[in-house]
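K.L.:
All chains, full assembly: derive it from the sequences and hints.
Position in the sequence shown (first residue = 1) + 72 = our numbering.
Think of the hints as simulated: they come from the structure by calculation, not from any bench. Everything numeric in this text was worked out from a predicted model, so none of it was measured. Treat the hints with care, as some may be off.
[As the list claims (entries may be wrong)] Restricting the straight-line Cα-Cα distance to at most 25 Å, the calculated cross-link-like pairs of lysine-lysine (BS3-like) are: (1) K252 to K218; (2) K380 to K74; (3) K218 to K243; (4) K88 to K74; (5) K140 to K88.
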Amino acid sequence: MKLLVSRLLPDAVLDKARAEFDVTLRETSDPMTEAEVTEALETYDLILPTLGDQFTAAAISAATPRTKLLANFGVGFNHIDVDAAKAQGIEVTNTPGAVTDATADIAMTLMLMAARRAGEGERMVRSGKWTGWQPTQMLGLHLTGKTVGIIGMGRIGQAIANRCRNGFGCKIVYANRSRKDVDGADQLDSMEAVAQAADVVVAATPGGPATRHLIGKSVFETMQPHAIFVNISRGDVVDEAALIAALQAGALGGAGLDVYENEPKVPDELLAMENVVLLPHLGTNTLEVRTGMGMMALDNLIAFAAGKNLPNPV
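P.N.:
Structure (structure tokens):
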């Protein structure tokens with residue numbers, strides 16, 4: 073079967089893919105355009121898409137597809153219009169589980185960097201402006217024992233909660249679209265209630281049309297002035313303009329962001345803020361995790377080719 077891999081993946085993943093399928097690897101690191109998507113759907117039996125590939129409703133509906141499965145590389149699939157794909161007889165899978173710990177680790181990285189002003193401090197040292205230790209220099213937020221609020225208590229949200237509770241003695245509160253019992257954590261009635269109670273608010277909800285701008289002005293204006301906002305979900309889950317306005321107004325103490333509403337563009341206003349930590353979507357960026365994600369995507373492709381049940385259907 074002909075398989076298109078949309079971008080370069082770890083060697084072990086490509087080696088296994090080539091052993092199983094007739095593989096075409098795109099020669100660019102740019103995401104697939106809508107025109108490329110339409111052409112690919114008419115050319116390949118299987119496609120392994122990656123973040124940013126434009127599998128929109130328009131691109132999918134314009135095709136007379138040969139493709140029968142989109143085995144997405146990643147747990148998030150908001151770059152794929154799943155309803156449009158299914159309407160064309162195309163199944164979609166993702167890679168849950170493989171990304172959980174790595175993404176939770178990045179959440180902790182952002183929390184600590186923002187709370188302890190690590191990015192600001194490194195810039196000071198690199199610029200040659202550090203004049204030595206001082207008792208009141210760059211005082212930050214002590215994370216131990218603080219209240220952490222999590223919006224979205226799925227696998228990643230629970231992994232963040234465990235790290236905060238077990239590693240830093242934090243109290244955990246959370247908001248979730250459905251009722252869920254999580255040991256050692258208290259579910260509150262709304263995102264605003266979480267924002268009001270927490271010293272750190274972490275967005276860990278899935279992306280997609282249903283959660284676009286889920287977190288906006290009503291959350292930010294409820295946060296405590298010293299509190300930190302962290303986003304490791306998807307960029308468009310957050311109303312970026314509302315976040316910028318809140319930071320400029322001093323309504324919250326800082327932010328740590330790994331994702332952005334219009335990636336890879338980062339607003340100049342955020343770039344100018346010393347109290348904002350900005351990472352280049354590092355959530356799953358380890359060789360072990362990216363290899364695991366690729367192998368999970370291949371498990372779905374191999375199962376499909378063998379006529380077996382898909383391990384991770386969306």
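K.L.:
Do the alpha carbons of K380 and K74 lie within 25 Å of each other, as the hint requires?
P.N.:
Cα-Cα ~18 Å, so holds.
K.L.:
Given the hinted pair K218 and K243, is their alpha-carbon gap at most 25 Å?
P.N.:
holds, 6 Å
K.L.:
Is the straight-line distance between the alpha-carbon of K88 and that of K74 25 Å or less?
P.N.:
holds, 14 Å
K.L.:
What's the verdict on K252 and K218, does the C-alpha distance respect the 25 Å limit or exceed it?
P.N.:
holds, 22 Å
K.L.:
Taking only the CA atoms, is the gap from K140 to K88 under or equal to 25 Å?
P.N.:
holds, 20 Å
Checked against the numbered hints above, the structure violates none of them.
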